[in-house]
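Protein chains in written order, with our numbering: chain S, 1 to 201; chain W, 1 to 276.
In short, the hints are calculated from the structure, not lab data.
Do not rely on the hints blindly, as some may be mistaken.
[Said to hold, decoys possible] BS3-like mimics (lysine-lysine), calculated; alpha carbons at most 27 angstroms apart, straight line: (1) S:15 with S:143; (2) S:15 with W:108; (3) W:27 with S:15; (4) W:117 with W:38; (5) S:14 with S:187; (6) W:227 with W:246; (7) W:38 with W:19; (8) W:204 with W:229; (9) W:246 with W:229; (10) W:76 with W:59; (11) W:27 with W:38; (12) W:27 with S:143; (13) W:223 with W:196; (14) S:76 with W:108; (15) S:14 with W:27; (16) W:227 with W:204; (17) W:27 with W:76; (18) S:14 with W:108.
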Amino acid sequence: MERLAHQEVPARLKKPFLYEAVMLRESDAVVFLGNFRVRNSPMDAGCGLCGGEPDCSFVYERVPNVDGIIDHTNRKRTTTISGPLCMLRAHDLGYAVGSALWLASTLFVDAKPCYSAGLAGRNLDFCMKSEVVVGILLGVAAKNPYADIPTDYHLTNVTDQVDSLRKISIITRQIANHPYQTYDPGKKAPGKSDPHEKEEE
Amino acid sequence: MAIYDGRQAAQDHLLEVTKACAVAASKAPQITGRLELKMEILTNEDLEPMIDVLETLGKTSAFQLHDALAFRAYAKEGILPPVLLVGADLIEPVLWNCGACGFPTCGKFLQYVKKNKGVGIGAYGPSCLWKIIDFGIAADYACACAAMHRVEARILFSMGAVSMFLNRLEGCTFVLGLPVGPIGMHRWFDRHSWAKALNAEQRKMTQMGGAPNLGMAFSGGGKAILKTKTRWWEEPVFLSAARDEKYEEAFANGQAEVYQKIMEYAGVAPSDGVDE
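Chain S with its partners taken away, still in its complex shape (with noise of 0.2 angstroms):
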């Protein structure tokens, strides 16, 4: 996803696609949903929501086919993600992330539907047969970890505040170090009166 957004996808896609995946590294699953139909085997209805025509030619003109049966063996892209493709069966896919949704907001589990994660996904074979795929990344965590996003949180993220301690941390122990085993000048500090010095008294 990091690649993607430095590499491949437009300049308004590049923040969405590094804080989303700050939240997949956040997260404790992802689940992929593709629908292979979406490209293979359209739905056939002349429902016009693929081209505004009340038949199919807008996707049959454009993509390799026999006879109206589709190459789904050609999967040679020349954008992202090869169109056009059956916008109705798009839809379905909706329905089908739409229930995987409820069922994690059913069960408390935080979830969030991506473009990015599924594009990774896609690309690493995931659901391969699918041209379309959505990525759900799925959290338990004591904060929902897909919401209240600070600016530039590929940045700013809590492992980059906990790298960042650890990288700070490591400074100022050195620097503050003592011979622990005799010596504790934690009895010493300035303004601060040790009871135990009291009692000796």
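Use these hints to put chain W onto chain S, whose structure you have.
Quick look at chain W alone, frame taken from chain S:
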């Protein structure tokens, strides 16, 4: 204190569930975060024009007849369920240049839309794939909400399409209709109104239309017998592909009748048999 008729109370409650379905649809997660849902709830006599047009469509199309007959039967029984219309503009692209619509960029898509936006049997197009999927998620949430309330509901392309053609939810390019109810068991899935709508021959035809190979005999001779009757080998019927000009004409006439009716409801054509 009051005593309510249980069945009536249940039927009345459907409107509340429909509202809950609208809440669920608007709460549905989105991939794009840019889908703008429009919704409307139609009840009782407000559904009459839609049922009327559906019946006209049903003269030449089985799936629309299927829904038209059910709505008509529920209207007669006085148990017409409220219908949640859900729609959106699915043409406006998300500007991701993904290529799924068939154009290399959203800009090229928009150029095409400017000149070629059109309508199919029930929706405008071309559409943005990601808006389509998000709309599916929203529709799914509405359905799931009805199910959660133990109400039978069935999302209908037919009811949505005629509602859109009758100018409900202006600006939407795709509208779906979700009847929430009626109360009872399997009212949308095993429809009483459908039981006697088709004769035996029509039933056979719909079955064969769905799965012609189910009734095919040995096809090795190059001329397959279609098993359309018990003694299928006597006076055999063969599978063949042919134009059906009679049906084509009937279908075209049916479409013309539908457009006429829509124009009448829109008030731009003289009314002929349509109640004001």
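Now for the hints, and whether the structure bears them out:
no., hint, result
1, S:15 with S:143, "holds, 22 angstroms"
2, S:15 with W:108, "holds, 24 angstroms"
3, W:27 with S:15, "holds, 24 angstroms"
4, W:117 with W:38, "holds, 20 angstroms"
5, S:14 with S:187, "violated, 53 angstroms"
6, W:227 with W:246, "holds, 24 angstroms"
7, W:38 with W:19, "holds, 13 angstroms"
8, W:204 with W:229, "holds, 9 angstroms"
9, W:246 with W:229, "holds, 24 angstroms"
10, W:76 with W:59, "holds, 20 angstroms"
11, W:27 with W:38, "holds, 13 angstroms"
12, W:27 with S:143, "holds, 19 angstroms"
13, W:223 with W:196, "violated, 34 angstroms"
14, S:76 with W:108, "holds, 20 angstroms"
15, S:14 with W:27, "holds, 26 angstroms"
16, W:227 with W:204, "holds, 10 angstroms"
17, W:27 with W:76, "violated, 35 angstroms"
18, S:14 with W:108, "holds, 21 angstroms"
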